[in-house]
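Throw the hints in and build the complete structure from the sequences for me.
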Amino acid sequence: MDWKRFGFIALIITVLFGAVVAVGQEQQRPLLIITSMLATTISVATPLTLGALSGVFCERSGVVNIGIEGMMLSSAFFGWFTAMYLSNIYDWALMPSIITGAIVAVLAGALMGLLLGWLSITFKVDQIIGGTVINILAVGLTGFLNRQLFFGKSSLFQGTVPSSPGVFSAAHFPINEIFSPLCGSGALCLEDVNAINRVFDQKPIALLAIALVFVAHYVLFKTRWGLRTRAVGEHPKAADTVGINVERMRYVNVLIGGMLAGLGGAYFTLESIPSFEPLMTNGRGFISLAAMIFGNWTPIGAWAAALVFGASQALQINMQLFRDSIPEQWAFLQQSYVVGLTPYILTMLILTGIIGKTTPPAADGTPYEK
Amino acid sequence: MQPEKKKSSFASQVLQSIYEASVIPFLAILTSVIIGGLIIKSVGGDPFVAYKGLLQGAFGSAKAWSETAIWATPYIFAGLAVALAFRGGLFNIGAEGQLAFGAVFSALIGYALPGWLGFDLPIYIHLPLAILAGALAGGIWAAIVGALKAYTGGHEVINTIMMNYIALNMTSFLVGGVMKDKNPLNVISRTPLIAESARIAPIFDGLRIHWGFVLALVMAFLVWWLLNKTTLGFEIRTVGLNPDAAKYAGINVKKIITLTMLFSGILAGMAGAIEVTGLNYRHELGFSSGYGYDAIAIALLGKSHPLGVVLASFLFAAMRNGATRMQFLTQLPVDLISMIQALVLLFVAADAIVRYIYRIKAKGERVTLTRGWGG
Chain A
300 MDWKRFGFIA LIITVLFGAV VAVGQEQQRP LLIITSMLAT TISVATPLTL GALSGVFCER
360 SGVVNIGIEG MMLSSAFFGW FTAMYLSNIY DWALMPSIIT GAIVAVLAGA LMGLLLGWLS
420 ITFKVDQIIG GTVINILAVG LTGFLNRQLF FGKSSLFQGT VPSSPGVFSA AHFPINEIFS
480 PLCGSGALCL EDVNAINRVF DQKPIALLAI ALVFVAHYVL FKTRWGLRTR AVGEHPKAAD
540 TVGINVERMR YVNVLIGGML AGLGGAYFTL ESIPSFEPLM TNGRGFISLA AMIFGNWTPI
600 GAWAAALVFG ASQALQINMQ LFRDSIPEQW AFLQQSYVVG LTPYILTMLI LTGIIGKTTP
660 PAADGTPYEK
Chain B
52 MQPEKKKSSF ASQVLQSIYE ASVIPFLAIL TSVIIGGLII KSVGGDPFVA YKGLLQGAFG
112 SAKAWSETAI WATPYIFAGL AVALAFRGGL FNIGAEGQLA FGAVFSALIG YALPGWLGFD
172 LPIYIHLPLA ILAGALAGGI WAAIVGALKA YTGGHEVINT IMMNYIALNM TSFLVGGVMK
232 DKNPLNVISR TPLIAESARI APIFDGLRIH WGFVLALVMA FLVWWLLNKT TLGFEIRTVG
292 LNPDAAKYAG INVKKIITLT MLFSGILAGM AGAIEVTGLN YRHELGFSSG YGYDAIAIAL
352 LGKSHPLGVV LASFLFAAMR NGATRMQFLT QLPVDLISMI QALVLLFVAA DAIVRYIYRI
412 KAKGERVTLT RGWGG
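One line per chain: the protein sequences are A and B, in this order. Its first residue numbered 300, the first sequence is counted upward by one per residue in the working numbering. Its first residue numbered 52, the second sequence is counted upward by one per residue in the working numbering.
It should be emphasised that the hints constitute simulated quantities derived from the structure, not laboratory data. Small disclaimer: the values here were computed from a predicted structure and weren't measured. Idealized CB from N, CA, C, for every residue including glycine. Be aware that a few hints might be false.
Each computed BS3-like pair below joins lysine-lysine, with the alpha-carbon atoms no more than 30 Å apart [as the list claims (entries may be wrong)]: (1) B:Lys298 <-> B:Lys280; (2) A:Lys303 <-> A:Lys521; (3) A:Lys536 <-> A:Lys303; (4) B:Lys412 <-> A:Lys669; (5) B:Lys280 <-> B:Lys306; (6) B:Lys305 <-> A:Lys423; (7) B:Lys354 <-> A:Lys423; (8) A:Lys536 <-> A:Lys423; (9) B:Lys298 <-> A:Lys536; (10) B:Lys280 <-> B:Lys305; (11) B:Lys233 <-> B:Lys305; (12) A:Lys669 <-> B:Lys354; (13) A:Lys536 <-> B:Lys412; (14) A:Lys502 <-> A:Lys521; (15) B:Lys103 <-> B:Lys412; (16) B:Lys305 <-> B:Lys231; (17) B:Lys298 <-> A:Lys423; (18) A:Lys521 <-> A:Lys536; (19) A:Lys423 <-> B:Lys412; (20) A:Lys669 <-> A:Lys502; (21) B:Lys298 <-> B:Lys354; (22) B:Lys103 <-> B:Lys114; (23) B:Lys92 <-> B:Lys103; (24) B:Lys231 <-> B:Lys306.
Selected chain B positions facing chain A (in silico; Cβ < 10 Å) [unchecked claim]: (25) Ile174; (26) Tyr175; (27) Ile195; (28) Thr203; (29) Asn220; (30) Leu351; (31) Met390; (32) Leu396; (33) Ala400.
Take a look, some chain A residues computed to stay more than 12 Å from chain B by CB distance [said to hold, decoys possible]: (34) Ala392; (35) Leu393; (36) Thr399; (37) Leu406; (38) Val438; (39) Phe472; (40) Asn496.
Structural data, given as structure tokens:
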């Protein structure tokens with residue numbers, strides 16, 4: 300474990316949380332601010348975590364995946380469209396339609412992964428160009444379908460955007476039930492337990508993402524299959540010599556990567572908000588890549604890095620809540636445009652390597668020629 | 052006999068090389084148009100009516116030609132920006148942000164400079180200053196990424212994208228705030244109109260086509276000249292082909308990387324500056340959506356050659372301009388064009404697919420456009 304890196308991550312998150320507590324403590328008790336920040340952080344880090352995991356799988360096997368953004372965008376669209384179609388045309392109930400939507404999103408991601416594999420493994424196209432193709436294709440495809448389906452000549456819904464089915468509801472952990480009897484009649488204690496409960500009441504994709512982090516860690520570092528994946532990404536020739544099918548390993552990993560990005564895409568339209576907007580992924584796919592690099596191509600490191608970005612987004616959201624308490628000399632913080640720059644500037648700082656050099660898999664980005 | 056034979060073989064060599072350079076882009080466009088037709092058919096439209104409308108809208112009249120050239124102008128600048136970076140081994144996805152920054156600063160000099168100075172400027176000083184401000188703003192914005200790449204190894208692909216988001220946030224902040232048009236009737240985020248002395252004149256009366264289009268062609272020639280006729284251009288291309296070899300040959304690779312991004316950003320910034328000084332006479336938020344990404348497709352389609360970029364820009368401009376007429380005739384959404392353009396990009400970038408479909412053998416070595424994270 301790279302303790303220096305994790306220490307640094309913890310430090311950044313503490314600073315971001317501390318800033319909000321410092322500004323908001325006049326209006327809200329620090330514990331409530333911290334728990335609300337934590338809940339937001341974990342939730343908004345979900346697509347970043349899944350995107351970063353997607354990158355880890357692809358790049359550990361030697362394929363640079365810069366198309367995560369496009370994979371997420373198209374999955375967000377197809378997942379949402381499936382859920383909306385099922386609930387409006389076939390009158391499916393909420394849960395079956397959004398669960399089917401999420402499955403379709405994962406499949407759409409897998410298809411995009413297959414396209415990346417086809418381009419970069421079979422045709423040996425420059426992998427960064429291949430990923431860019433996916434990004435641009437996704438923008439064109441989702442924009443076209445979105446407009447054609449609702450406003451086009453033979454549109455399904457005759458020019459109206461039908462109401463969407465809704466989003467996943469949060470899971471409930473019985474923290475409240477267990478701990479509130481211990482409080483007796485203290486109102487503040489009840490409030491605290493409630494606040495802590497909120498951190499744990501996350502939605503299914505967020506919980507699944509955290510579980511997948513540990514699954515990915517186990518698969519990559521504790522199984523024979525993971526060892527082979529890493530061998531293919533570090534030294535494909537050696538892997539080939541001992542009888543590992545390089546192309547097949549890469550294809551399977553890129554497919555897994557596509558599915559993970561697809562689940563990340565489902566977060567946008569099936570868990571976060573119940574509608575699709577063109578370009579709604581808004582750079583999350585690229586920030587995922589930065590999280591992957593910051594996490595040194597490991598699942599747990601990538602998750603920790605994703606939480607940093609989540610925290611900086613939570614900072615933006617919470618600063619808006621407490622904007623009246625921002626001291627006058629820091630008035631620029633009231634502008635959401637200014638605070639909104641934090642994740643992007645953080646990404647660039649991380650890429651400079653001032654936080655410590657990271658090393659990509661040795662064969663990352665190079666097509667394998669026998 | 053001998054020299055004549057040589058001459059004819061030279062001519063056929065030229066023809067051969069033109070054929071080789073254009074056959075893949077041509078087949079890529081053809082394939083995309085066919086697939087686009089199938090998509091139109093599948094959504095219940097008539098592909099022939101649609102494409103006829105597209106052509107009419109793009110080239111059907113003098114006005115249509117003028118509008119196509121107006122679309123082509125920023126495409127040429129931004130396409131050259133991406134192409135120049137490609138030649139230097141860098142992938143500039145940030146043309147969008149550089150363009151927005153160029154537009155904002157060009158507009159600022161355009162409307163505010165006479166006020167700051169307290170007197171009106173003649174057009175031959177004010178206009179060049181406005182364009183220069185935009186070019187430099189874009190250039191510096193990109194050079195930051197170049198310097199980060201050269202001195203810290205931060206990958207330019209992610210950094211240019213991050214700079215896009217930062218630029219869009221900052222321009223929203225500026226144009227929606229301190230630079231917002233103070234006219235009480237104005238409710239949207241836009242700057243005031245720029246002064247008459249900072250505007251590019253139209254070429255013909257009654258048509259919108261302006262001298263900025265000619266400037267775009269001049270810049271295409273200058274980029275060609277820079278790359279092929281100067282030592283600096285040679286160094287840029289050498290770094291692009293093999294940075295290690297360039298280093299051993301005594302080229303200051305870090306300086307060249309930074310300079311390449313600076314020039315690339317200058318071209319992208321000019322795209323924004325020319326849109327402001329030649330067409331809109333102000334900067335309005337959201338006017339540039341998509342130029343930066345189209346520029347990547349244009350540079351790839353034009354094989355990163357200035358002449359190719361000009362031709363590819365015209366193709367994309369014609370599609371964008373003709374799309375409105377196509378939509379009018381067939382009620383197909385304009386976004387269809389984005390689909391076709393994405394397909395063109397797919398087939399040009401992955402020329403192996405086109406070679407596979409049409410059974411064309413690959414010649415020569417593979418050209419590396421970008422490198423992995425290692426730099």
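Checked hints:
no.: 1; hint: B:Lys298 <-> B:Lys280; verdict: 21 Å, holds
no.: 2; hint: A:Lys303 <-> A:Lys521; verdict: 23 Å, holds
no.: 3; hint: A:Lys536 <-> A:Lys303; verdict: 33 Å, violated
no.: 4; hint: B:Lys412 <-> A:Lys669; verdict: 19 Å, holds
no.: 5; hint: B:Lys280 <-> B:Lys306; verdict: 19 Å, holds
no.: 6; hint: B:Lys305 <-> A:Lys423; verdict: 29 Å, holds
no.: 7; hint: B:Lys354 <-> A:Lys423; verdict: 18 Å, holds
no.: 8; hint: A:Lys536 <-> A:Lys423; verdict: 16 Å, holds
no.: 9; hint: B:Lys298 <-> A:Lys536; verdict: 28 Å, holds
no.: 10; hint: B:Lys280 <-> B:Lys305; verdict: 22 Å, holds
no.: 11; hint: B:Lys233 <-> B:Lys305; verdict: 44 Å, violated
no.: 12; hint: A:Lys669 <-> B:Lys354; verdict: 28 Å, holds
no.: 13; hint: A:Lys536 <-> B:Lys412; verdict: 26 Å, holds
no.: 14; hint: A:Lys502 <-> A:Lys521; verdict: 29 Å, holds
no.: 15; hint: B:Lys103 <-> B:Lys412; verdict: 33 Å, violated
no.: 16; hint: B:Lys305 <-> B:Lys231; verdict: 39 Å, violated
no.: 17; hint: B:Lys298 <-> A:Lys423; verdict: 28 Å, holds
no.: 18; hint: A:Lys521 <-> A:Lys536; verdict: 22 Å, holds
no.: 19; hint: A:Lys423 <-> B:Lys412; verdict: 15 Å, holds
no.: 20; hint: A:Lys669 <-> A:Lys502; verdict: 46 Å, violated
no.: 21; hint: B:Lys298 <-> B:Lys354; verdict: 26 Å, holds
no.: 22; hint: B:Lys103 <-> B:Lys114; verdict: 17 Å, holds
no.: 23; hint: B:Lys92 <-> B:Lys103; verdict: 14 Å, holds
no.: 24; hint: B:Lys231 <-> B:Lys306; verdict: 38 Å, violated
no.: 25; hint: Ile174; verdict: 34 Å, violated
no.: 26; hint: Tyr175; verdict: 37 Å, violated
no.: 27; hint: Ile195; verdict: 9 Å, holds
no.: 28; hint: Thr203; verdict: 4 Å, holds
no.: 29; hint: Asn220; verdict: 5 Å, holds
no.: 30; hint: Leu351; verdict: 7 Å, holds
no.: 31; hint: Met390; verdict: 4 Å, holds
no.: 32; hint: Leu396; verdict: 6 Å, holds
no.: 33; hint: Ala400; verdict: 5 Å, holds
no.: 34; hint: Ala392; verdict: 30 Å, holds
no.: 35; hint: Leu393; verdict: 30 Å, holds
no.: 36; hint: Thr399; verdict: 24 Å, holds
no.: 37; hint: Leu406; verdict: 21 Å, holds
no.: 38; hint: Val438; verdict: 7 Å, violated
no.: 39; hint: Phe472; verdict: 35 Å, holds
no.: 40; hint: Asn496; verdict: 35 Å, holds
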